[in-house]
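Number of protein chains: 2
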Amino acid sequence: MASYHVVPLERLVEQLEKMPGIGHKSAQRLAYYILNLKAEELKALTSTLEEAHEKIHYCSVCCNLTDQELCPVCASETRDRSVICVVEDPRDVFALERVNEYNGLYHVLHGTISPLSGVGPDDLCISELIKRLSDPNLKEIIMATNPTIEGEATAMYLSRLIKPMGIRVTRLAYGIPVGGDLEYADEVTLTRAMEGRREI
Amino acid sequence: MASYHVVPLERLVEQLEKMPGIGHKSAQRLAYYILNLKAEELKALTSTLEEAHEKIHYCSVCCNLTDQELCPVCASETRDRSVICVVEDPRDVFALERVNEYNGLYHVLHGTISPLSGVGPDDLCISELIKRLSDPNLKEIIMATNPTIEGEATAMYLSRLIKPMGIRVTRLAYGIPVGGDLEYADEVTLTRAMEGRREI
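Which chain is which? The protein sequence lines are A and B, in order.
Per the numbering used here, the first sequence starts with residue 16, numbered consecutively.
Per the numbering used here, the second sequence starts with residue 16, numbered consecutively.
Please note that the accuracy of each hint is not assured.
For chains that are exact copies, the list does not tell them apart, and a pair is met inside one copy or across any two.
[Unchecked claim] Heads up, simulated DSS-like pairs for lysine-lysine below, C-alpha to C-alpha not over 27 Å straight-line:
hint, residue 1, residue 2
1, K70, K40
2, K70, K33
3, K154, K70
4, K33, K53
5, K33, K154
6, K178, K146
7, K40, K53
8, K146, K33
9, K40, K154
10, K58, K40
11, K178, K58
12, K146, K70
13, K58, K154
14, K154, K178
15, K53, K178
16, K178, K40
17, K70, K178
18, K154, K53
It should be emphasised that the hints constitute simulated quantities derived from the structure, not laboratory data.
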């Protein structure tokens, strides 16, 4: 390799490698894709990047991503304003909306409390959530953080903060994933599934 | 999902999904990465894309990628000009250069003959290769196209074209990959490995 250096190509691969889930090989593949784009296709790609980056920001109420002042859920007149579902990430909102089951509001924390990674409560959108608790319509907060150590800790932290205000705090059910196989379920999940069993 | 649409975000995910090896989930992940970049990081990314796209083109001799008139290999004074190694893709040149074994020249076809995908000889950098055959120093052409049906067909097509000119045409050896396991080698590879066996 000593003899072969094309600086702009190396710089391109370097930039692409920084992206999550993109290793060196994938970055090379993407680089060749980009080099083979027509001039107008490249323009479309870079201007979409710039436009999205410029226009998208946090919703002033729920901290989800939006290009408006309020996100579509917060702006909607048909959503149930008595429930807020607290999630870690905007992608979780997309996942829940896809189900078409939930009609309440959301709150996006943009992460979890994780002392090991140096993420404390102040680094998350928690103060924005606290502000919303004074709404007299609000009856329930559903903790829908991920079932990981950090997700659990964050749910616990928030429920201790919110419960004293007389608002009901719930957590998503744990159990066997539908379509899953008992044989492959881990012990903690099985224990939780037993604990959470219901009359049929 | 009916209620949740953020147009610039959807457009961004759409653009990213067009890239090779990037599915919908990866595109979403990349989109959030891009939205979280600082303004100057985004500028660095887009300008690297634009710079690479603008500056990088084919070497006027071997069709490899370069930002100069000649690629580093063609411009080098220490390379053996009696051998040309014909490859499908610029990445193959990188792979061979990494080995530090080969000191000859390269020729990049930018694809293989593939009638099913509508790629004929005229769509590849074959005329550029033919031009190089009149060099009196040239003694050997090594066909290093991939061991696929298209790679083989392209190697055959080129060797029929070149052999009548009195230039030696060789093909990379087939066999068991070093560190591989006989048990997992396919039949064709095993047959080729037997055929290509050598005195030890």
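Now the hints, each set against the structure:
1. K70 x K40: between (32 Å within a copy, 22 Å between copies)
2. K70 x K33: both (23 Å within a copy, 22 Å between copies)
3. K154 x K70: This pair counts as neither: shortest intra-copy Cα distance 33 Å, inter-copy 60 Å.
4. K33 x K53: both (24 Å within a copy, 14 Å between copies)
5. K33 x K154: Classified as neither; 43 Å inside a copy, 43 Å across copies.
6. K178 x K146: Within one copy, since 15 Å is at most 27 Å while 80 Å is not.
7. K40 x K53: both (23 Å within a copy, 26 Å between copies)
8. K146 x K33: Neither, since 36 Å and 41 Å both go past 27 Å.
9. K40 x K154: For K40 and K154, the Cα distance exceeds 27 Å both inside one copy (51 Å) and across copies (34 Å).
10. K58 x K40: both (24 Å within a copy, 24 Å between copies)
11. K178 x K58: Close neither inside one copy (51 Å) nor across copies (45 Å); limit 27 Å.
12. K146 x K70: This pair counts as within: shortest intra-copy Cα distance 25 Å, inter-copy 52 Å.
13. K58 x K154: Neither: 48 Å inside a copy, 45 Å across copies.
14. K154 x K178: Within one copy, since 11 Å is at most 27 Å while 83 Å is not.
15. K53 x K178: Classified as neither: same-chain Cα gap 57 Å, cross-chain 37 Å, threshold 27 Å.
16. K178 x K40: neither (49 Å within a copy, 35 Å between copies)
17. K70 x K178: For K70 and K178, the Cα distance exceeds 27 Å both inside one copy (36 Å) and across copies (60 Å).
18. K154 x K53: neither (54 Å within a copy, 38 Å between copies)
In summary, the numbered hints that this structure violates are 3, 5, 8, 9, 11, 13, 15, 16, 17 and 18.
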